[in-house]
Amino acid sequence: MEFILVVLPAFIILAIGYIGQKKIKIDRKSVSVTALYLMYPFLAFRTFYTNELTMEYLYILLFCLSLCFSLLLIVLTVSRLRKLGQTKTSAVILSGVFMNSGNYGTPIILFAFGSVGFDYAVIMMVIQSILMNTIGLYYAAKGSVETSGMKDSLMRIVKMPILYGALIGIIVQLSTFKVPEFLMRSVDMIADATIPTIMLVLGMQLASLSRSAVKLKSISGIIILRVVISPILACIIVMFLPIEGQLEKILIVLSAMPTAANTTMFALQFNTDPDFVSFSTLVTTVLSIITVPLMLLLVS
1 MEFILVVLPA FIILAIGYIG QKKIKIDRKS VSVTALYLMY PFLAFRTFYT NELTMEYLYI
61 LLFCLSLCFS LLLIVLTVSR LRKLGQTKTS AVILSGVFMN SGNYGTPIIL FAFGSVGFDY
121 AVIMMVIQSI LMNTIGLYYA AKGSVETSGM KDSLMRIVKM PILYGALIGI IVQLSTFKVP
181 EFLMRSVDMI ADATIPTIML VLGMQLASLS RSAVKLKSIS GIIILRVVIS PILACIIVMF
241 LPIEGQLEKI LIVLSAMPTA ANTTMFALQF NTDPDFVSFS TLVTTVLSII TVPLMLLLVS
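Mapping to the numbering used here: the sequence shown position 223 is 223, numbers consecutive.
Simulated from the structure, these hints should not be mistaken for laboratory data. For each residue, glycine too, the CB sits at the ideal point set by N, CA and C. It is possible that some hints are incorrect.
Ranges between beta-carbon positions, derived for each pair [what the hints assert, rightly or not]:
(1) K29 <-> V158: 19 to 25 Å
(2) G114 <-> L53: 34 to 40 Å
(3) T134 <-> G114: 30 to 36 Å
(4) K29 <-> P9: 23 to 29 Å
(5) E181 <-> L298: 41 to 47 Å
(6) T134 <-> R185: 28 to 34 Å
(7) N271 <-> G114: 19 to 25 Å
(8) S115 <-> A15: 27 to 33 Å
Listed next, the in silico EDC-like pairs over lysine to aspartate or glutamate satisfying Cα-Cα at most 16 Å (straight line) [unchecked claim]:
(9) K217 <-> D275
(10) K29 <-> D275
(11) K178 <-> D275
(12) K178 <-> D192
(13) K88 <-> D275
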């Protein structure tokens, strides 16, 4: 029951976005652009400004990089064998490689492992944010029907303010400058509203799906990637890193989280098969009600 109460707020926000889109017909692209360009940079700044860099960042960074590129290699190999187009390949990468270790994973880790575990989850959230806002953005832009070539994809990434928010956050943290409290209050207000807005966008996108747009069978590979392959790879990776105890368990549990909600926003922004990505996010999130407790049981 307590676990249901942890994940219930996410589903309530999704439902609000879904109902709002059905009743009001909101321009979801405008809301997505607002979150991506005006709000997300403040969340990125706060995340990197308030979390002190430690040696554990290095170990978790190595874990995240190894997991990300392993999943990426699997997706690219299978996509080549199945001769998928670039748009579909990018949509599969967004859905299968990047997990929701932030707004969904961190409260679950707090519930299961306490405050110390929560600190580890925040570190992974920070690193996952970097990967999602570089590699994820690159493939979202590359899969866009309006994008041609690597140069165009990279230019789209350079124009994203999220990266500059994260970079400024790191620079300010490493400097002796302290952001005035009145400014941080404004940053906090915008940052706190970012994740709920992203979840609303996902709910609105789900309300816009047509019955024939995406079938459950078409995302079976995403489910296998997120629920089975990702945690297995995580178990293998931690064996080769100086990681043990609670941190090891936390990284394995986070590796099995559902598809990141942010990927829907990227897919919608660049028109990279947003129906497929949003439906993948919905299904893996619903399944996580069963799969995440099972993973917690296995690691314990």
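Now for the hints, and whether the structure bears them out:
no.: 1; hint: K29 <-> V158: 19 to 25 Å; verdict: holds, 21 Å
no.: 2; hint: G114 <-> L53: 34 to 40 Å; verdict: violated, 23 Å
no.: 3; hint: T134 <-> G114: 30 to 36 Å; verdict: holds, 31 Å
no.: 4; hint: K29 <-> P9: 23 to 29 Å; verdict: holds, 25 Å
no.: 5; hint: E181 <-> L298: 41 to 47 Å; verdict: holds, 44 Å
no.: 6; hint: T134 <-> R185: 28 to 34 Å; verdict: holds, 29 Å
no.: 7; hint: N271 <-> G114: 19 to 25 Å; verdict: violated, 42 Å
no.: 8; hint: S115 <-> A15: 27 to 33 Å; verdict: holds, 30 Å
no.: 9; hint: K217 <-> D275; verdict: holds, 14 Å
no.: 10; hint: K29 <-> D275; verdict: holds, 13 Å
no.: 11; hint: K178 <-> D275; verdict: violated, 43 Å
no.: 12; hint: K178 <-> D192; verdict: violated, 20 Å
no.: 13; hint: K88 <-> D275; verdict: holds, 11 Å
Checked against the numbered hints listed earlier, the structure breaks hints 2, 7, 11, 12; every other hint is satisfied.
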